Every structure is written in structure tokens, then in C-alpha cells.
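J.: The listed protein sequences derive, respectively, from chains A and B. Numbering follows my numbering, in which position 37 of the first sequence is assigned residue number 37; successive positions increment by one, without gaps. Numbering follows my numbering, in which position 215 of the second sequence is assigned residue number 215; successive positions increment by one, without gaps.
None of these hints come from the bench; they were simulated from the model. All values derive from a computational prediction rather than experimental measurement. Just so you know, even glycine gets a beta-carbon here, dropped at the ideal spot from N, CA and C. Please note that a few of the clues may not be correct.
Stated by the list, open to error - Listed below are the simulated BS3-like cross-link pairs for lysine-lysine, each with C-alpha atoms no more than 30 Å apart in a straight line: (1) B:Lys61 with B:Lys202; (2) A:Lys94 with B:Lys65; (3) B:Lys65 with B:Lys202; (4) B:Lys61 with A:Lys94; (5) B:Lys202 with A:Lys94.
What the hints assert, rightly or not - Beyond 10 Å from chain A on every Cβ pair, some chain B residues (computed): (6) Thr55; (7) Arg104; (8) Ala120; (9) Asp227; (10) Arg236; (11) Ala238.
Listed below, chain by chain, are the residues.
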Amino acid sequence: MHELAITESIVEAVAERLPGARITCVRLEIGALSGVVADSVRFCFDLVTEGTSLEGARLEITEVAGRCRCRVCGTDFEPDGPIALCPCGSIEIKVLSGQELKIASVQCRPGGTTPPAEVA
Amino acid sequence: MCATCGCAGSGAVVQLFPAPRPGRADADRGHGQHDHQHHEHHEHPGTPAAGDERTVLLEQKVLAKNDRLAELNRDWLRQRSVLAVNIMSSPGAGKTTLLERTAREMAGRMHMSVIEGDQAGALDAERIRSAGCRVVQINTGAGCHLDAEMVAGGLRVLDPPSGSVVVIENVGNLVCPALFDLGEQARVVLASVTEGDDKPLKYPHMFRQADLVLVSKTDLLPYVDFDSRRHAADVRRASPNALMLQLSASTGAGMQEWYAWLRRRTPAPQE
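Construct the entire structure; sequences and hints are all you get.
T.: Here it is in C-alpha cells:
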């Protein structure tokens, strides 16, 4: 259940980047090959955010599909599980996407400090 | 980390078990039972200021902090010319038995110290210490893996000499430790034949990270249903570049290759 530690890292990272701000929404990107289960993060989120500046925030998770390229035949394909195997049988694979484990953005009501980057 | 006793800020407890000195059987016990009040370092958010909601782009890796601390550990180890190896496996695969035998057989030939990760207790640390090795026990409490901050605390308490090897025995778990970089230079996955040959396909994230896969308890091969060929092929699928070795820490078979692997990676001591 490393998703508990992962969710704690999310809360800590957001609170550190936006001290004093009240966070109303957190947007994550979780790849299919990241080793993290989005549903488990959802399960932990309310528990972990309790008593923090993220309490009550909405959680939006974009699940990124796995995408691989075969180093032997050059085919791009979507692996059907966590072990990527090219339809040609090769195991020499470059992962193009699906390993994301990222806080994309947050929505907040600012506190005393200026956020590092803002968009309208 | 607590400067007094090395307890990690994450809530983990670190305790040192120095290597036994000849003739002093039990005099060097760590201050293990000391009852530690964990420090809470949480920043408490102030009352939210009223104002318009804004979207702030972070584009930040979730484990960025752990990765940053792991990089600091790696730099620290490099500057000291110390090799750190992260050993991971399911519980009962034989990590501690492997390290006990390694400590006994390599005594005088290679300086090794150990960071033991377990949820609770110091049973493994006692075993390693009895084998003549300096060891730090980290208890993760509710945690199912070691992280870079815990290891940073362990390394500073352990204070390994230049040209030595630190083996980090992670919490027995084939899932969670795979995600957390500790700052090690190499990752070893131990797979015992008693667990069955299907583990590489069931826990691919763990095997994908491995630099070395040690197939352990090979002395039990005649008694268990373990297809070595299938296992090797599946390890290869999960991690095409991992090296594989077979060994038995009970009989000693295959141990020399493991020692050679360790010695090839151990930096020369600084002048």
C-alpha cells in the first residue's frame, strides 16, 4: 500500500509549494506503468488531507496510457499489462509514456505568498 | 532527522548496533529501547485568505522530494567512496541469511555494514551483529518500505568508512520498495525457489528495477516445483539487462560469484 506514502508526498509537496494557500482541487497524472493505482490514491486522499490546507479539495486524476516502442522492429504499441512485450516477440522496449506520477496543477485560494507560476 | 539519536523525521526509528568487539559479547548494544517522542514537523496552514480561485501549474513529480534526497545520499556515498546496495525481496526469501553468511565469509576481506529495514523489532539487526557486522536498524512503523530520508539517517549513524560496502536490507515486500530510490548505486532482488517461479510476472515493477537478480535457496530445488528456465526467461522479460546468479546461503553454493559482483563495484578507499 505505497499509495498512502505517495498520497502523503502529494500533500506535502503541494503544501510546500503553496504555503498558506487553501487548496480546492488537485490534478494528478498517473501512468499505467507507474506502479501506482489511481483508485488507491483516491481512497487515501481524504484521509491524508484531513487537517491540512488540502482538506476538502477535489481530486482529479488523469490516467495516462502506456505507450512503448520496440527497439528491434520500431513498432509503437500499447502494452496490455505492466510487462511490455512487442507483438514481434522482442523484449527490447523503450517506454514512451505511462510512467508519469506527477502533480500537474492545483486550484487554490491564495494566502500570503505568491505562487511560483500562474495561469489565468 | 533527530540529531540526538538519529530517529528519522518521517516517524521511522533508527538505532545503531556496533559490530561486537572481541571479548565483549554484549557490551555494545545500541540504545535501542529508548522511548522516543517523535517530532512533528508539519506546517500548519493558516486561515485561508479570501480571494479568487487560481490554477497553479506545478508539473512536479510526486516523488520529487524523495528523489532529491536520494541524489544527496548518492553524492554523499560517492564522496566517501562507499558502495550502497539496496536488497529487496518478499519476506522470508533469505535476505538476512545471505547477509549473515556474507559478513562471516568476507570478514577481513571486505568492510561491510548493514542498514536493516523492518516494520518493527531488531531481530534481523541482532542476527547481522552476531555475524560480526556493524548494523543500523530502521523501524518503519506503519511504512511498507524504506525511503531516502530514512536511509540518510541510517547512513549518518552508520558512518561507513571509505572503500566499504553498505547493504540496505529493505522491508520484505515485492511491491512498494520498487518505487523509492534510496540513493543506492545498485538494486538487488532476491527470489527464493520456495516462492515459486511466477514472481517476475506477478511483480514486474520490482524485477524491472533490478541490476542483479539472485535466485536463492537453490539447495531446495529438488524439493520444490520451480522451473529455473521459466523463471530466468520471465526475469529477462521484466528486466532485459539484469544479471542473474543462483546461490544458496545454506550450502554456500554460488556465493563466490555474489562476492565477486560486490567487489567489482566497491570503490577503492581514499588515500
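J.: Confirm or reject each hint.
T.: Each hint, compared with the structure:
As the CA atoms of Lys61 of chain B and Lys202 of chain B are separated by approximately 26 Å, the hinted pair is consistent with the 30 Å bound. For a cut-off of 30 Å, the pair hint linking Lys94 of chain A to Lys65 of chain B stands: about 26 Å separates their Cα positions. Proximity of Lys65 of chain B to Lys202 of chain B is assessed by CA-CA distance (about 29 Å); at most 30 Å being required, the pair is judged to hold. Pair hint Lys61 of chain B plus Lys94 of chain A holds up; C-alpha atoms about 20 Å apart against a cutoff of 30 Å.
A threshold of 30 Å between alpha carbons decides the hint, and for Lys202 of chain B with Lys94 of chain A the separation of about 21 Å falls inside it, so the pair holds. With a cut of 10 Å on Cβ distances, Thr55 of chain B falls inside the contact zone with chain A, its closest approach being about 5 Å. For Arg104 of chain B, the condition that its CB be more than 10 Å from all CB atoms of chain A holds, with the nearest at approximately 34 Å. For Ala120 of chain B, the condition that its CB be more than 10 Å from all CB atoms of chain A holds, with the nearest at approximately 17 Å.
With a closest Cβ-Cβ approach of about 18 Å to chain A, Asp227 of chain B is found to remain outside the 10 Å limit, as its non-interface label requires. Consistency note on Arg236 of chain B: stated as away from chain A, yet its beta-carbon is not over 10 Å from all of that chain's, at 7 Å minimum. With a least CB separation of 6 Å from chain A, Ala238 of chain B falls inside the 10 Å interface cut-off, contrary to its annotation.
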